[in-house]
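> For reference, the chains in residue letters:
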Amino acid sequence: MTTTAEVEKPRTDAGSEPAPRPRPGRIRRIGLPYLLLLPALVLELLVHLVPMVIGIVMSFKELTQFYIRDWGTAPWSGLDNYKVSVDFDAPVGEALLHSFLVTIGFTLLSVGLCWLIGTAAAIFMQDTFRGRGLLRALFLVPYALPVYAAVITWVFMFQHDNGLVNHVLHDQLHLTDKPSFWLIGDNSFYALLTVSVWKGWPFAFLIVMAGLQNIPGELYEAAALDGAGRWQQIRRITLPSLGAVNQVLLLVLFLWTFNDFNTPFVLFGRAAPEAADLISVHIYQASFVTWNFGTGSAMSVLLLLFLLAVTGVYLAVTSRGRRASHAR
Amino acid sequence: MSTIRAAAAGAVVMSLALAATACGGGTSTDGEGSNKSPKTLTYWASNQGASIEVDKKVLQPELDKFEKETGIKVKLEVVPWSDLLNRILTATTSGQGPDVLNIGNTWSASLQATGALLPWDQANFAKIGGRDRFVDSALGSTGAQGKDPAAVPLYSMAYALYYNKQIFADAGIAQPPATWAELVADGKKIQAKGKQVLGAEGANVSENVHHVFVFAKQHGADFFTADGKPDFTSDGAVSAVKQYVDLMAKDKAIPQGNAEYAQNQSVSDFAKGKTAMLLWQSASANLKSQGMSEDKYGIAPVPVQSGTPGTGTQVNSMVAGINLAVFKNTDNLDGATQFVKFMTGDEEQKILNKAYSTIPPVASAQTDPGFNSAANAVLKDTLAKSAAALPQVADESQFETVIGTAVKELFADAAAGRAVTTESVKAKLAKAQQQMPTK
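Protein chains in written order, with the numbering used here: chain A, 1 to 328; chain B, 1001 to 1439.
These are computed hints drawn from the structure, not numbers from a lab.
Where hints are given, some of them may not hold.
[Unchecked claim] Reference excerpt, derived from the structure (chain A facing chain B, CB under 10 Å, subset only):
1. Trp76
2. Pro91
3. Asp161
4. Ala271
5. Phe306
6. Ala309
[Stated by the list, open to error] Result set (DSS-like, lysine-lysine): computed pairs, CA atoms no more than 27 Å apart in a straight line:
7. Lys178(A) <-> Lys1193(B)
8. Lys1068(B) <-> Lys178(A)
9. Lys1189(B) <-> Lys178(A)
10. Lys1431(B) <-> Lys178(A)
11. Lys178(A) <-> Lys1272(B)
12. Lys1068(B) <-> Lys1057(B)
13. Lys1250(B) <-> Lys178(A)
14. Lys83(A) <-> Lys1431(B)
15. Lys1195(B) <-> Lys178(A)
16. Lys1229(B) <-> Lys83(A)
17. Lys1229(B) <-> Lys178(A)
On a predicted model such as this, the values are computed, not experimentally measured, just so you know.
Even for Gly, the Cβ is constructed at its ideal location relative to N, Cα and C.
So that you can see chain A by itself, here it is in the shape it has in the complex:
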């Protein structure tokens, strides 16, 4: 342990002047910050890493209802769980692939819309006007609501027979020939997307709004003098200045949306319609509902690897891009 190690610093420059004697306790002082970090580190291990490692171990076991009482007795299954998960010709793998593709499409759309709406709203809210504070607070409501309460309200609104959505679209506006189903069948994808964007864009709004405060007003004044219109100001000043903020924002939104479990689960229950079969619920079903925790873990590990890869590539590409623009 660093606190107890007493290391004499070797004299390298013995010639010219006496080197400062290593003061006693210096190493202790250097070690102290690390020591103080230790509780956090141990907690981090316990809360994040240990469960992850256990999950990875589980993925190599045949962990069905016959073994869950005593995990130690569950036989090792090698790569069987992974083989089942990625055998895209067989039903389990095919369903996983389908769910994966649905999730990617859903995530890209949701993140894109969240960012677009959030950024637009933040820019509009930038100028002072009466009621701005109220509007800003109002915009944050979906983000502040408890997920379950918010989503279950949407469930009621999406109901076929007496939901608000059909009432407006069909009864009032006559946009559809007959009331649509939103919670089953193909429309469930749009229902899910709607709720997800509704729930997610205030976060984008909040972050972009914070980012906007850091852009000096002089830039806009100078641009206005040069004859730049509003749109040009946004394109040439606002968006480039938000680069760093957007980099983090998009990544975080992507990871949250990709992993979102609450929204689809509350909307559709334990058996999601195929069109909205997000991967988190799919994995839940593969493990909890069918009691095969080994396969569920294997799928989770694959998901983890995918997200790690996406994050790594994303960070590499975006930071290189930014370094390049700095160098210019």
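Position chain B against the provided structure of chain A, taking the given hints into account.
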């Protein structure tokens, strides 16, 4: 300097302590039962009444009675159905669970396979008055055949056809339908009066399974072979599932909107008089809580293909019900057994089954005149003569999920106006079968 050292030491001690306590979690109650804490029991009850609060009101006085008799304090938790199986699985995995708990009787074989529940062998049955106290149909749903039951029956239920007397009178229907053909024909008359015919929970996985199981029986099919292998795509099974979904797709008896029902909306529709008929188990208490009094509706046996309900292809209900189980690793084994004896005793059986409008699975309690009403007569009769237990196989839980989901998707097709054909049903069932565990 000393303060720094103290801080450092404190940090080390704290992190070690955290590590120790966090690791010390789930290891304490592994292994077999004991009698280490003879004065308390934890009991997880399933949600039988209209709400969790109702259950607490029903159960607490009885638990107090038990405490007075034995000095054992029972800590009650009523667990909603949406959580119960997950909670049991978690308790099984961690070894940290209740001493006594209610389980849905269809889960018996699956949970039995985990080995977490106390087997009710001859000796254990002797402690609660013997196996003979329970009726056979209820015992048939307590675990795999040839093994000691994993639980004992607590409440029994059966499906029945609930019908709205007023709507039937308006439509000029004198008798509740006894066959599916009659039901469809009556449906036309009911629709002519502007009412919905039959309510269903199309997106509720468990309800779907219960119904197609009965239809399969009526088509002479089983979802599992005699040696416990899934067999979902036999002609009988396909026609059975198709016939149930066709009640919406072809016969238009089940309204399309019901395809998305999963929160008992069909019961509300029936209670509000929107729907003429409902296939449900022990709905009386639920309907009452929604403001529909008992004289407004009649109860008849669930229709069959032809003839009258009986065994074999004349089956018209699953054996529904709740079983009472003891976790093997309980630290109050004697107390838990005593509690099971108390709950399955004649007196408690009468009180509790009346409160929940269920039928006692204990023969001597069934004779109470309180269970002789017209409603209970139908349920009792069904249980005794024409109810069959869901497959008692270890993969039952998976079976419920994959088949229930397949039916849910077929209902969604029907609701969207897509054709439901023999081929499409067979394809869905084949997919379901492929999702079953192969080992």
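> Now tell me, hint by hint, if it's right for this structure.
A quick look at each hint next to the structure:
For Trp76(A), the interface hint is violated, the least distance from its beta-carbon to any beta-carbon of chain B being 14 Å, above 10 Å. Given the 10 Å rule on beta carbons, the hint for Pro91(A) holds: about 4 Å separates it from the nearest Cβ of chain B. Interface hint at Asp161(A): satisfied, since its Cβ lies 4 Å from the closest Cβ of chain B, which is below the 10 Å cut-off. The interface hint given for Ala271(A) is met, as the beta carbon of that residue sits about 4 Å from the closest beta carbon of chain B, less than 10 Å.
Using the Cβ-Cβ criterion of 10 Å, the hint placing Phe306(A) at the interface with chain B is not satisfied: the shortest such distance is roughly 22 Å. For the restraint placing Ala309(A) at the interface with chain B, the shortest Cβ-Cβ distance is roughly 28 Å, beyond the 10 Å limit, so the hint is violated. As the CA atoms of Lys178(A) and Lys1193(B) are separated by approximately 21 Å, the hinted pair is consistent with the 27 Å bound. About 62 Å separates the Cα atoms of Lys1068(B) and Lys178(A), which puts this hinted pair outside 27 Å; it is violated.
Taken as a hint, the Lys1189(B) and Lys178(A) pair is honoured in the structure, with Cα atoms around 24 Å apart against an allowance of 27 Å. Between Lys1431(B) and Lys178(A), the direct Cα distance comes to roughly 31 Å. Violation of the 27 Å bound is thereby established for this hinted pair. Straight-line distance between C-alpha atoms of Lys178(A) and Lys1272(B) comes to about 24 Å, which keeps the hinted pair within the 27 Å bound. For the hint linking Lys1068(B) to Lys1057(B), the alpha-carbon distance of about 18 Å falls within 27 Å, and the restraint holds.
Taken as a hint, the Lys1250(B) and Lys178(A) pair is honoured in the structure, with Cα atoms around 19 Å apart against an allowance of 27 Å. The suggested pairing of Lys83(A) with Lys1431(B) holds, with an alpha-carbon distance near 18 Å, which does not exceed 27 Å. Only pairs whose Cα atoms come within 27 Å are accepted, and Lys1195(B) paired with Lys178(A) is accepted, the gap being roughly 19 Å. Restraint check for Lys1229(B) and Lys83(A): satisfied, since their Cα atoms lie roughly 23 Å apart, inside the 27 Å limit.
Taking the CA atoms of Lys1229(B) and Lys178(A), the gap is about 43 Å. The hint is violated against a cut of 27 Å.
Of the numbered hints stated above, those contradicted by the structure are hints 1, 5, 6, 8, 10 and 17, listed in ascending order.
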